[in-house]
Structures are given as C-alpha cells and as structure tokens.
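Chains as they are written, first to last, in my numbering: chain A, 527 to 1108; chain B, 410 to 1043.
By construction, these hints were calculated from the structure, which means they are not laboratory data. Predicted model, so just to flag it, every value in this text is computed and none were measured. Where hints are given, some of them may not hold.
Claimed, not checked - Using 27 Å as the maximum straight-line C-alpha spacing, the simulated DSSO-like pairs for lysine-lysine come out as follows: (1) B/787 to B/654; (2) B/642 to A/973; (3) A/944 to B/629; (4) A/744 to B/761; (5) A/953 to B/787; (6) B/659 to A/973; (7) B/478 to A/944; (8) B/792 to B/817; (9) A/846 to A/624; (10) B/654 to A/846; (11) B/478 to A/789.
To be verified - Computed far set for chain B versus chain A, every beta-carbon distance over 10 Å: (12) 535; (13) 548; (14) 884.
Think of the CB as a built atom: it goes at the ideal place given N, C-alpha and C, for glycine as much as any other residue.
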Amino acid sequence: MNIVKTLLKSVREFKKLSIITPLIIIAEVILEMFLPFITGRLIDEGVEVGNMQMIIRYGVILFVMALLSLAAGAGAAITGAKASTGFAKNLRRDMYHKVQDYSFANIDKFSTSSLVTRLTTDVTNVQNAYQIVLRMAVRSPIMLVFALIMSFSVNPRVAWVFLLAIPILGTCLPLLLTRAHPIFKRIFRRYDKLNLVVQENLRGIRVVKSFVREGHEKEKFDDISESIYQDFSKAEKIMAFTGPLMSFCIYLIIILVSWLSAKFIIGGTMTTGDLTTLISYAGNILMGLMFISVSIMMMVISRPSMERITEILTEEPTIKDPENPVTAVKDGSVSFKNVTLMYSRKAEKPVLDNISIDIASGETVGIIGGTGSSKSSLVQLIPRLYDVIEGSVQVGGVDVRDYHIETLRNEVAMVLQKNVLFSGTIKENLRWGNEHATDEELVRVCKLAQADGFIQSFPDGYDTYIEQGGANVSGGQKQRLCIARALLKKPKILILDDSTSAVDTRTDALIRKAMLEEIPNTTKIIIAQRTSSVQDADKIIVLDEGRVSAVGSHEELLKTSAIYQEVYYSQNREEAFGSAEE
Amino acid sequence: MQKNKNRPPRGRGSFGASDKKGTAKRLLAYITRDHLGRFLIVVACIILAAFTSIYGSMFLMDLIDVYIKPLIGTENPVLRELVNALSILAVVYAVGIVSNLLYARIMAVISQRILRDIRQQMFFHMQDIPVGYFDSHTFGNVMSFYTNDTDTLRQMLGQSVPSFISSVINVIAIFCSMLTLSWHMTIVVVVMVFIIFMLTKFMGGKSGRYFYKQQVSIGKTNGFIEEMINGQKVVKVFCHEEQTKADFDKLNEELFQNASKANQLANALMPIMANVGNLQYILIAVVGGALAVGGVGGITLGAIVSFLQLSRSFSMPVNQLSMQINYIVMALAGAERIFSLIDEKEEVDEGKVTLVNAREENGAIVEAESRTGMWAWKQPDGKGGCTYTKLAGDVRFKNVNFSYVKGKQVLHDISLYAKPGQKIAFVGATGAGKTTITNLINRFYDVDEGQIVYDGIDVRHIKKDDLRRSLGIVLQDVNLFTGTVMDNIRYGRLDATDEECIEAAKKANAHGFITMLPDGYNTMLEGDGSGLSQGQRQLLSIARVAVADPPVMILDEATSSIDTRTEAIVQDGMDKLMQGRTVFVIAHRLSTIRNSNSIMVMDQGRIIERGDHDELIEQRGKYYQLYTGAFELE
C-alpha cells in the first residue's frame, strides 16, 4: 500500500538497522529453539545412562548457545530500538519540515491542534508499531514454525497434538479480539466524552456554580462514568478468557502428550528426553501464537495514525516559488487588478470580488469595514499568503507570483491580527524581524512602536522573558512588540491588520505619528476598527462584503460613504470627548 | 443516586503529603467495604489456580517415575493406572482453568466498580469544593487526576493486584515443592533467581532514568511543536522557516538519543531475562544430571524433569513481582493525588435563608407552589415559623476587607450600595480588585472582615445555592457546553420550555444568528462552541442568563473581546436585559458604562473615585484620564 510506502521513505539511514534487527532475531530464535532439543539429548545420553562426560559436553554446548542467544537478544533490542526511534525521528523531522513549506491555505486545512497530535501522539504510535514489526513480526512466526519442525523431527506421532492448538487458538483468540475490539473502541470514545465533561466543567466552574448546576453536571458525569464501567467490565470479562484459553490449550497438550509419550516410551519407540523436549516446545508454540495476535492488534491500532501522518507528508504546498523568480522589489507600490479570491472552489460567494486598487509607494492607506468584509483577506494577498483565483496582485510593478517568496515577504512586513510572541526574551522575539539587528536598532524600532517605555520599566528590560504566547504582557504591549518586530525588517510595505486594537487612542496616535515621520517612504496599510486610526491616511478604502464600497479621504468619505458615516458616528457619539481631546 | 452507599470512610486526620501505606490501606478499604465477599472468592481462586499449575509440574515426575519407568520392557503393560492419573490431572487442570477464568472476570468487575466509584466521588466532590481550589490548581493538573492517575490505578487494580497475589502464592508454593524434590538444586535456582532479580533491578533503574530523560525530551519537543504550529502563520510572514527547522532538528535529535537509549534498555530486558532463565535451566539439567548419576540426594530422572518445569515457573513470578511492585508504587502515587482532591474541604454553607416562589396576598407575602415571577427570602424565625422578605436586589458592602492569601490584602475597606434597579460600574487596572468584588457577592469567596448585605440579610446567612440562583453572571470568557444551542440556553433554567428559551434568545439579540445556523436551535456545539464567533458566544451566554431571569446581574468584562460593531448588538441585548435589575458591571470600554448610576474607580483594592459619569469627568481625576485615553486599561 502507498501509505506504508510513503512512511517507509522516512526510514533512510536506519534502513540497515531495520534489516539487521530481524536477522539477529532469527538467529536468536534458532538458538533458543535448539535449547530444548539439546536438553533432551543431555537427559537421554547423559542422565538416563549415567554418563557424566556426556552431561558435561552437552552442558557446555548449551551454555555457549544460551550466551550467544543472550547476546543476539540484547543486540536485537539495541538495533531495534535505534531503528524504531530513529524512524520516528525522521518522521517527525519530515513532517515538521513539510509543514514549514505549507501555505496559509494548507495550514487552514488542518487545524493546529490536529497538526500537533499528528506530530506527537501519532508518531509515537507508529514508532511502537514499527518496533513490534521489527522484533515480533519476524520472531513469532519463525518461533512457531521452528518449534513445530523440531517437535516433528523429535517425534511426529506425538507432535501432531500441537497442531490442535492452532485451530483452537486460531478461532478463539480472533473471536475474543473481534468481540472486545469494538467495545474497546467505544470505551475510548466514551473516555473522550468523559474528559470533555470534566474539561468543560473545570473551565466553566464559575458558570456551573453561579447557575447552581452542580447536580446537573453530576448527572451528566454519572451517565458516562456508568457506561464506561459497563463497557469496560464487559470488555475485560471477554478478555478474561484469554488466560484460561491459553491454559486450556497447554493443559490439553500436556495430557495428550503425556498419554501418547507414555505409550511410546513403554513401547520403546520414544525416550523420556523426547518427552521433556516436546513439552518445552509446546510452550514456545503457544507463545508464538499469542505474540502473533498481539502484533496484529498493534498494527490495527496504529493504522489510523499511519494514515494521518501520510496525509501530512503527501499534502502539496499550494504556494511555491516560480521557476525564475524575481529577487528584488523595486518599490512599495501595490496594485490589485480585478482580484477575485475564494478559499474553496465550492464556496458560493467569493471572499473578494473583482477588486481593483492602486497604492503608490510611500502612501498611507486605511482600510475600514465590518466583520466579514474581508479586510484581512485583501491584505494577505500582498505578501502572497494566499493566491488569487482571478486577476493579479502586483508589488513594485511585478506580479507577486513572480517573486522569490522570501524576497517578497522580507519587503512586505505584516502584523497579523492574531499575532503571537514566542517564549524567549524580548530581544529574541524582536530579532525575528532581523537576526543581525544591533541593540541600538532594537531600541529605535521599539521607540517607534511606543514600546520602549514599558520595556524599560521591566526589571530585566529588553532581556525580559516572554512566556509562551506572550502571557505575561498585556494585550496592548503585545501588539506594540509585534509592530516593533515587523518594523525591524525595514520593509518597503508595512501592513497593520487591526494591530492597535488593544492600544489606547493616545498611544495609537503616537505610533502613527512616529511612523509618518520616521519611515515616510514605507507604504503603510492600516486595517482598523476605529476611524480615528485611519482618518489622517492618504486614502481610506471602505470594504463591504468583499467589494470596495468607497475610496477616498476621511473628509470625502464622510460626505459620500454611508457605511463610513455609520461607523464614524457610532464611535464618535460615544467617544466624542476622547476625539475632542486629540 | 447511590452516592453515599459507595463512599468508603474518609482518611481521618493525619493524611500527610506522602503516605503510601495510608493510601494503600485506604484503597484496600474500597475492596473490603464493598466487595469483600467477591474479593475473597478471587483470592481463593488465585490460590486454586496456582496450586493446579504446581500440581501439573509435579505430575511430570510421577508420570515418568511411577507410571512409565516400571512398565518399560513389560509385556502387555497395564495402562489403567496411567489413565486414572491422567483423568485426575484433567480434573485438576479443569479446576485451574475455571478458577482462573472466575477470578479474572470477578476482578474485572471489582476493579471497574472501584474505579467508577472513585471517579464519581472525585467529580461529585469537585462540584462541592470552593472556587478557590480551581484558582490555585492548574487545569492540566486537575485533568491528570482523571486521565493519567485513574489510568494507572486501573492497571494496578485490574492487573497488578491479582498478578501480585498470584506471584506471591506461586513463589511460596513452588519454593516448597522444589525443596521437597531436592535442596541441592533449589540452591542453584535461588542463586540464579537472585541474579535475575538484581539484573532486573539494575536495568530497570537505569532504563527508568533514561525514560525520565525521554519524558523531559518529549515534553520539550511537544511544547516546541505546539508553540510553533500555533504561530505557524507568523513563522511564514517572517520567513522564519529555516530557523525553526534548525531549532526543531536540535530538539528532535536530543529526543531521539534519549528515546533510543531508554528503549534499548527496556527492550533488552526481556531477552536477557529469558536467556538467563535458559542458563538456569541448563545449570539445573547439568547439576541435576550429575546428582542423579552420582546418586546424591536420591534424585530420580522424573524429579529432574519436574524440577526443570518448576524452576521455569519459579523465575516467572519472581520477575513479575519485581515488575508489579514498580507499577503499584506508581499507582499509589496517583491514588494519593486523587485522594488529595477527595479530601479537599467542601464549601461551607451554614445559610438557612432560602429563596422561594412567592405571591402577594392582602399585602402580605406568602409562599407559592409554582413560578410566579416574584421571589421571596424565607427566613426561619427560630420558633418554627418563617418570615418572608421580598427579593428586591438591594446589595450593600459594609467595610469589607478581603485577601485570597493571608497577609496579602486585596480589598481594603470597601463600602458601597446598590439600590434595586441600579447599575453600578467598576473601572480600574487589572489587579485593582474589580472581579474580587463580584466573587464576594456570590460567595465564591467569603469576606475577611465587614459584611455584605442582600435585601437586608447577611449573604452568609443565605443558602449558597439560593443566593447564586438569584444572581446572573456574564463573564468575559464564555463557557459553553457540548450540546445543542437550545441545551446551552436552557442551562440557565433547566425546566424552561423551548418557547421560553427562544424568547430569551430574542431578548438577548441572539435569535437572529441562531436561526441562521445550519440546524437553528438544534445546532450541536462542540469544543466550547468554537464554531461561533466571540460575539455570538457572548450573545448565547446572555441568553442563558436571560432565561434564568435573575433579579441581580453581574457583567464581568462581558464585551471586552468583541469588536465595536458587534458590541453595539450585544450591548443592546444586555441593555434590554438590565432593565429593572440591579446590575454590577465591570467594563473595559468606558462607553459601556457611561449611563451607570454610579461608577467606582478602583486602584489597588480601594475605591479611589466614585460618582456618575458627569461628576467624575468634572473631578478631572483618574477616570477623566482613562476616558480621554491618556491611560491604558489592562
């Protein structure tokens, strides 16, 4: 199957170990299988006839064999562990690297939480399955076959008894497994539900308590907990048959072997050594059968994980570098020419519908529009985070699809709406914008973004450690750090996607003023909720349901655009006082 | 619900931080209290099963020495005795199989029941402990009680305990049988088993260390993956792909090294033990053979064969024991954590005043059977009778001091009043104590000093459930539950009809978007309603309060994470709801609180300014600065 084929491509440097492991295991099994055979000889030729020399001779042979088998067993354990954990390492690496090549559209397709599970839990599952395949899948059948061959060579007239175990276990074990498996699957789903109830309860404990819904929650929990109990005991009661079933087979074999062997030994056609040998092999055969069923079970369980990993590895990035890319951006002009965008071919309505806009290099442009008016979608086309369906987007007079992606994105800095800081110091976070920036440069951009003040107020200043997701700075501080980080790129075009929503109006104004004065040649595109954030822009674009509703200066739009008026007056009735102060 | 019946005795008094013995005793109490009879059957069955398997091994000796050897070379051998012996063996085996099956099945039920009871106890108890517990324990921490800790407990009860008992019995019985056969050979076995035991311990300890390292590595790598994948779009915007690849490769390599070592040792354990077992087998064969040839200790050929069989079954339970002890210790640690939750003190509630439906008859308030829309506080007067006070929504704070942690006072001398129908707003930076005030009104926490009075009654005298029923809360972070939209609205009042829920949704301006959902009110919400926008989720939580129809409402940053255009809709829904009710509002955007009767500006646990909007603007104080944007909230 191509799932397996795709996954096996990641074995690479661990291929040798993956082949050696089963080979060593075969050697181990063969050695182990000869042990009972030789012990039988020791009893017959040594103990039975009172020959001490023979006892010692066979003893030494056995000893050496056991040592070799030990070495082989330990060796296989080492190579097997290396091969499987190495395989897992490569899988993780391949997936992670692949995800780095994904476009926004690819990332949207998988949710982030599912990407994380695939990179973590699923890889572990596959690693375990691989290890079992390397070690057990070879070992068990060989052990089984060898034990059978050996026992037949010892005495075929008794050995046939062993064959009885095969149909018994062969039918009963799968029967038990197939009956228990669906219950176990159901249990896992129920467990998810139970965890969900606990999770929601924990997260919403204040809601639960303020609505006095403790009793209701208890009932919900009780239902699921009870059904888990019912199912789990049902499943375990079924699985409880495996032990007795194995015992039944081995006991049946011992009784039959004893009876037959007794007859043959008394008849003189068999030795007592043969008897002990056969009973030892009986154990091996049963173990072999048991391990085979466990291996199959493991592989069945890991199958969904394998599929999920393959999905990641075979996903084609939707945005790639062109063949002969342009590697320099001339200036910061942007033009949209009849642009239409849909996220899915099946969507009824386009996200952006036939948009044409020209923005000159160095201009400041504001974009205003309600939720769902596709403001973010529009600006995300500029650094080519998505590709248009129709029309074209040009930066510096060149279609964005003709640029080397890295060149383009280095010249177009974008502060995303849902922005993230990473765990690390403020300096480290800022240097995402430019690895080689000096400390002075960091301070300069932070002053521009009005971030220097609060950074200096931290005891550790620029070396303050930011917790994961920026949990230890306020929303407004986070936004200003993100702006500073983008500024550090010294881009030709700077896009702020609602990046100052948590910043107070005064600081917001200071940031805009600083940008106007300090980086006058950079094209600035600002998406905002507040009209005050865009009213001094060179032009303001009003978007409505994926179309350009109006373009013009603040004063023009106040006269002509109904939407702009609505937004402006709804904010300025409430904030009349605030605006008057500015 | 049978919750009391299944509740084993609480650990009394001295239940220290780490008390494995106490924990084990307490776990045992679950077995002996509710399942003693069954458990005794289990133990009996385990013993029976152990003895049958030993009998089987011993039989091999008799088979060779008694039933086969004497007959060798005889003409027309009589096999009747052999048939009899084999029949007895078959019966013994059958008993063994049946008891094996029996104990496995009974133990499955016992362990699952105990787990169910513990789970239930844990969750039920969790509903009854104060909110403070959840503020001081992380979410992941509490979740792990239900996942990891319960899981190890399941393994221990279901597998480790029976296998432990069976191992102990086997070890003792087999040891005795071996001694009766030959003490010479027994010494060989004991020495070998000792070696195996030490090997297991050594390797187990070593691999344990690597497993710990592996766990740390996994934690680091997973944390990195999570953080980076969550910020993947930022990575792309900054062309940081190569950098994160390099960082990831480093972590990945480290994980590989640790995982590889941990697995190598763990994997090697099995073949090494098996082969040391083989060595023992060989040694016994040689020693036994030599003894038999030399005629020492009266060892027969049959005895050797039996002994070989026994020695095999001896090393297995010894290995089992050393492995199970590890599991049991791990599970006990988990059980200890679970018990610590169960032992957490419940919310104290000595309130006697209850909330009842009421109607007015001849100017006096009397209790009503069904919902009348009017409520009254029912106060026992201490003489067997009751007095009724109409629920009006008058809330007063009198010189309230409060601290979450002793010595770190959060509220200082707070006094304020809200008359029925008034809107009181709180403004201030994070940590100023706004949310704390609301936590005190519904008694998530109790005041240290001072008093909160509700309709003339100290809130500590009101039964908590009834107090909370009279208060509606809308929080900034909306918590929805898995279920339909209708279920979520009905969470406010479980006996509300569909019509009442829809009515409430209309009042909260939520009806419009709900009807646009794929299945309208029957749309399933999953994952905390993640398919809905922030604004829609907030509208639902307002509808939820609307259906509960409480006389007093608390709005804690209810519109903070909503954009201004949506806020207008949400605000409108809330305004409708607030009419005629006493409302406490904590707001981020000052525009939402302008029309409050009184605005409290808070700073570091004190009210520093109070008055209505116009008065505060007039004062040109902190509120004025906030309002003009000279200060940043948060």
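Verification of the supplied hints:
The straight-line distance between the Cα atoms of residue 787 of chain B and residue 654 of chain B is roughly 67 Å, outside the 27 Å bound, and the hint therefore fails. Between the alpha carbons of residue 642 of chain B and residue 973 of chain A the distance comes to roughly 26 Å, so the proposed pair stays at or under 27 Å and holds. With a C-alpha separation of about 24 Å, the suggested pair residue 944 of chain A and residue 629 of chain B falls inside the 27 Å cut-off, and the hint holds. Simply put, residue 744 of chain A and residue 761 of chain B have alpha-carbon atoms about 24 Å apart, close enough for the 27 Å limit, and the pair holds.
A C-alpha spacing of about 62 Å is found between residue 953 of chain A and residue 787 of chain B, which places the hinted pair above 27 Å, so the restraint is violated. Our distance criterion of 27 Å between C-alpha atoms is broken by residue 659 of chain B and residue 973 of chain A, whose separation comes to about 35 Å. Of the supplied pair hints, the one linking residue 478 of chain B and residue 944 of chain A is violated, its CA atoms being roughly 87 Å apart against a limit of 27 Å. The straight-line distance between the Cα atoms of residue 792 of chain B and residue 817 of chain B is roughly 42 Å, outside the 27 Å bound, and the hint therefore fails.
The straight-line distance between the Cα atoms of residue 846 of chain A and residue 624 of chain A is roughly 13 Å, inside the 27 Å bound, and the hint therefore holds. The suggested pairing of residue 654 of chain B with residue 846 of chain A holds, with an alpha-carbon distance near 18 Å, which does not exceed 27 Å. Simply put, residue 478 of chain B and residue 789 of chain A have alpha-carbon atoms about 11 Å apart, close enough for the 27 Å limit, and the pair holds. Not every CB of chain A is more than 10 Å from the CB of residue 535 of chain B (nearest about 7 Å), against its label as outside the interface.
Separation of residue 548 of chain B from chain A is inadequate, the least Cβ-Cβ distance of about 6 Å not exceeding the 10 Å criterion. Distance check for residue 884 of chain B against chain A: the nearest CB is about 7 Å away, which does not clear 10 Å, and the non-interface claim fails.
The structure shown violates the earlier hints numbered 1, 5, 6, 7, 8, 12, 13, 14.
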